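*Asks:* These are the residues of each chain, in order.
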Amino acid sequence: MSRMPLPLDRHIKPKLVGYDPTRPRPGVERLAYTLFFGSLWALVVVAYGLVPALFRSQGWLDGALGFFFYAVIEALLAFGIAAVVALILIVVLRKYLGKVQERVGPMHYGPAGVLQTVFDALKLLGKEDFAPANVDPLIFRLAPAITFVSAFLMLVAVPVAGGWVMADLNVGLLFIVAASTLGAYGVVLGGLAQGGKWGMLGAFRAGAQLVSYEVPLALALLAVGVYSGSLRLSDIVEHQQGLWHVVPMFIPFLVYLVASIAELKSTPFDLPEAESELIGGFNTEYSGMSFAFFFLAEFVELFLLPALVVVLFFGGWHGPLFGLDPASFAAQALQSFYFLVKTAVWVWIFMWIRATLPRFRDDQLMDLAWKGLLPLALFGLILAAFLRMFVEVV
Amino acid sequence: MSLLAEVWEAVRAIGQGMAAVNRRVGESAVTEFYPYQKPEIPPVSVQFLALIQNEDGSDRCVSCLACERACPSQVITIERKRNPAGKGFVLERFDLDFVNCMHCANCVEVCPVSAIVTVGDFEHAVYDVNMLKADKAFLDEIGRRAQVWYSPKFGVEIRKPDGSIEKAPPEMQPGGLAELLAGEEGA
Amino acid sequence: MSLRFKTREEFDEVVYAVHPEDYRPLLEQLKGEGFDYPRNLTGMDLEYGLRVVVHLTRLADGAKVTVYTDVPYDAPELPSITDLWPGFEWFEREAYDLVGVRFRGHPDLRRILTEDHWTIHPLQKRYDTGGYELPGWQPKPWPEVADWEEAPEGDEGGEA
Amino acid sequence: MRGPTQILPTDRADEMLINMGPQHPATHGVLKVVIGLEGERVTRAVPHIGFLHRNHEKIEEARTYPQIITYTDRMDYVSGLQNELPFILAVEDLLGVEVPDRAKYLRVIFFELYRLASHLVWLGTGMLDFGAITPFLYTFRDRERILEIVEKTAGARMLPNYFTFGGVRRDVHPDFFKDVADFLDFFEKRLPDYYALVLDSPVFQARAVGVGVLPKERAIARGASGPVLRASGVAYDVRKAEPYDAYPEIEFEVPVREEGDVYARFWVRFKEMEESIKIIRQAIEKTPKVGPYKGKVPARMKVKGSRYRAVEISRGHLGAHVVGDGTDRPYRIKHRSPSFANLQLIPDLLVGARFADAIAILSSLDPVFGEVDR
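Chains as they are written, first to last, in the numbering used here: chain A, 1295 to 1688; chain B, 27 to 213; chain C, 65 to 224; chain D, 78 to 451.
Covered stretches of chain A, going by a simulated chain B footprint (3 or more residues, C-beta under 8 Å):
hint: 1; region: 1396 to 1406
hint: 2; region: 1647 to 1658
Listed next, the stretches of chain A that the computed footprint assigns to chain D, with coverage defined by at least 3 CB atoms under 8 Å from CB atoms of chain D:
hint: 3; region: 1559 to 1565
hint: 4; region: 1568 to 1574
None of these hints come from the bench; they were simulated from the model.
Please read these numbers as outputs of a predicted model, since none were measured by experiment.
Cβ atoms here follow ideal geometry from the backbone N, Cα and C, with glycine treated the same way.
Starting from the given sequences, assemble the full structure and let the hints guide the process.
*Replies:* Given below as C-alpha cells:
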C-alpha cells in the first residue's frame, strides 16, 4: 500500500547547468563588475562624446532634420544609460547586501549570479500586470511612468565631463529640483489611485516626506549655486577646479546628503514603502511592469543622487589629467571615468547606509526636515553668500 | 554645545553600526546550496524513521505494539500474527503515516528491541501528501540503506562495510562522555 | 459577613474551595490582602458542572493562592473579576469560549479563540475532539458538599 | 464610484479602519488588529486572535502523559523546549518524582539556550519591523548555531521533545559542553555588534525611547510577564519567585528597567541574553560530568490531583495547570501562555500611538501565535 517512493529514486544530485553555485568565484565577480563599469563608461562615452562629436563634425546639427535625429538618438542613449544603470545597480545592491549579511546574494543566473537582473526583468515582463477592482485605471498606469520619467529627466542635466552633458541648461539646478519633485507626483498618485488603504497611507507619507525634503534639498542646492555663482551644473563643476565644494560647503553637503536619502526613499527614510508597516505602501498593488518602473526609477535615482553629490560637492569630473589637453577627447573620456568612479563610491556609501540603519518614524522625519535641516540649510545658504562675497572681494 | 555633543554622539553611534556591518564583508558567506551541498545530520536527529533488521535479515521487531500505543498522533498501524514456529508474534503489517507524524520519536523511545530507529535521511519530500504513507517494505528498505542510526536502547549503531552491525564509538554516542571520561581515567 | 469556603494546603499554595455566591467577595478579600498578580484562570468541565479555578500570587513575597468554585450546567454564571484584575479579561473570555462559563459584568464577553458563530463550548466533556456531541453522554449528579467552613477571625489567607 | 473617497468606509469621517493582519509582516503570525487611524494616529485597536487555534487542551485530554510533551512543544515554537517544562514540573510534583542533579543542570542549559535562540529571533524580526534588514540575518545565523548544538543532542531543532518526567530523554552528546562553551565565546563577540546596530543606534533610540509606555500598575494588573513586565519596573521572574530545576543554585540577576517603553523592553531582553550566557557558563561548570540523567518514573503514570506550575520562558510566565483523575490521561490541562496575557495590552498601548509606533510596540511585545492561540 505504500506509495512513498524509495529514497534511491530521489537522492540524485540535480545536474549543474553550466556553473557551480557552491564554488565562490571572486574572480568572475570582479570581472563582471569591471565589465559592468566598463560598459557603463563605454555607453557614457558613446552617448556624451562620440555621437555629439560625429553630428558636429558632419555638420548635421544645423539642419532641423539632423537635429531631430540627434535628439532622438540622444534620448534613446539616455534611456539606455538609465536602464543599464538600474540593471547594474540592482544586482550590485543585492550582492552587496548579501556580502554584508554573510550570505552570497544572487548566485544562480549567470556566473556568480551577475545576470540576475536580466532574468528579473524578464520575469517582471512576463508577469501579469494586475490591477485591483477599484483602481483609477488611467492614473494607476500613469504613475509609474511619471516616476520613471522624472528620474530619467534628471539624468539629462548631469554633466559627466568637461563639455559632456546632454542638455547644458543654464538653470540646471532648478531643473534638477523640478524633475525630482515630479517623481513625488508619481508616488503620490500611484498610492492614491490603487484604491487600497495601505497605498493611501503610503501616498500620504510620500507626499509629506517628499514635500518636506524638497525644501532643504533645494536650499542646499541653492547654496551651492550662490557660492559658485551659477545655476548651470557645468559651471558649478568648473568652479571646483581648485577646491572641492565639500570643504567650504560642508553644511549644505550634509543637508543634501540626508535630504537625498529621503528623496531616494531608502532606509532610514523609506516610509512611503515601509514593508513592515504598510506592506509596500504606494506600490502595494503594483505588479509586473508597472512595479518594474517604480523599481527602475528607484535605482536610477540611486545612481543620480550620488552623481549629484559628486557634481555639486566632490569636484564632478575633476581629477589628474596627466598633461592632457582638457578639451581633447581623451581628457574628456578620462574625466567621465573620474566622475563615474566618484559616483560609484558614493553609491556604495548610500547602499551602506541602507544596509545599516533602521527606519525613522514619519513625525521624526518631519522634525528632522523642518527643525533640523531647514535651519541648517538656511544657515548654509547665508554662509555661502558670505563666502561668495569674501571670494569676490579677495 | 550640548547639542553639538549630541549630534556628534549620534554620528559616532551610526558610524559604529556601519562599521559593524562593513566588518562582515570580508567574512565568508554561510549560505548552503542545498541540492549540491548537504548538511551533516547527527544520527540522533529525528529526520526519518526506519525499521532495522538483524544481520541475518530477520525483523528486529517483535510486534509488541509499544510504539503504536506511544504514538501521540496515532500514525502507526501494526498487524501481527502468532509465530507458527515458536513463541511470540510475527509482524504482518507496519504502516506509518508520515502525513500526521510529528517526528517526536516517542516510538523510538519505547521500543524494547530498537527495531524502529531514527535515521538522518531527510530528503523524503513528495509532491502529493497521499504519497507520505510508508509501509513495512519501505521502512525496511530505509533501514537497510541506513549506515548509522540511533535508538535509546542500543545507542548509535553503524553498519560496517561487510554488513555487520555494531555499536558506534563513544565519540558518536549520546552519553559517550561518561565512557570517554572513564577511559581517560583508566589511561 | 461570613464567607462560605474551605481551605486546604496543596504543595506551596493555599487552595480555597468557595461557594459560587461567595466567589467574588472572597476574591475581593484576597485582592485586599495584596494578591495583585493574576497568574491563571482555568475553566473546566467536571461532568456535573463547570469549575473556575483562579490562581493568584502576591509579587511582594511570592505567596500563592488557588480559588475554585463550581457552577451547575443550567446556570453557569459567575461574577466577573476583571475589574479586580484586568489581566483576567481574556482568560474569562477563553473560559467562556471553551468551557461555557458566563461571567456577569465582563466588559466584552465574546468568543476569543473559536469562531464567533459557534454554539458549542469545545472543552466540555460532552463533545469529542471534533466538536460533536458524544452519544449517550449524561451529566453526573452534583456531589454532596460537606458544610462550608467559615472564615476564622483574622484569617490572613495566603500565609500558610 | 471611483477614487480615494471610496476607500474610507468607516462610521467616522475622520477615521480610517485598517485590518492589520492576519497577513501582515509585522504581526509575527496571525494576529489581526483592527486599527482605527486618524491620519497616522491610532484611535482604536481591537485585537482578534484565534486564527491558529488548534485546541491543544482538548487533544491533550485524549493523550497519555508522555504523549502530551510532544504537543506542549508546539505552543511557543520559537522557544520550543521551554514549553515542556511547566507541564513536566506539574506532573513531577503530582507523582513525587525526584530529578537527578545532572538532569536539573542539563535542563537549565537547554532552557537558557532556547532563551538565547528565542531572543535572537525576536531581535531579528523586531528590527525587521523597524526597517533594518541586516540584524535579521545576523541573528538567524547565530541562532542556527544554537539549534545545531541542540539537534546533536536532542534530535530536533525547534521542537525537540527532549525533556521528560524525571529528567531529560537521553544523555548529551560528548561534544555538547565544548560546543556550548564555544558558542558562548562566539556569541559574546557578536553581542557588541548587536548593541551597535540596535540599542546604541540613534535612529533606533529615536523610534523606541518613550514609545508605548506601560505603567507599572497597569502591567501588573494586566498580568503581563517576562521582559514586558520587567521593563516596567517589576522584578518578577519566575526563576527567582518560584525557582525550579537548578536555578536556586545559580547566581544571576534579573534585569529591570523603570521606563516601560519599547526601548526598555529591548534593553531588558539584551541584558537577559547576557544573563543567559552567565547562567549557562555556571551551569556547565556545576553539571556533574557523569551521573544519571533521568529519575525513576512509574511505568504507567496514574496522576491524581491538581497542580499549577510556572516557568519563565523567553516571553514570560508560562504555566501549566494539570488536573489528573487517577487515569493515565489528564482530566484537564490548561496552558497559561505569556503572550496571551501580554497581548491584552494592545488596546492600552496602541491607542494614541502613531501607526509606526504601533508596529514597534507589537514587536516589543514579541508574541508567538502558537502559544497565544494554542
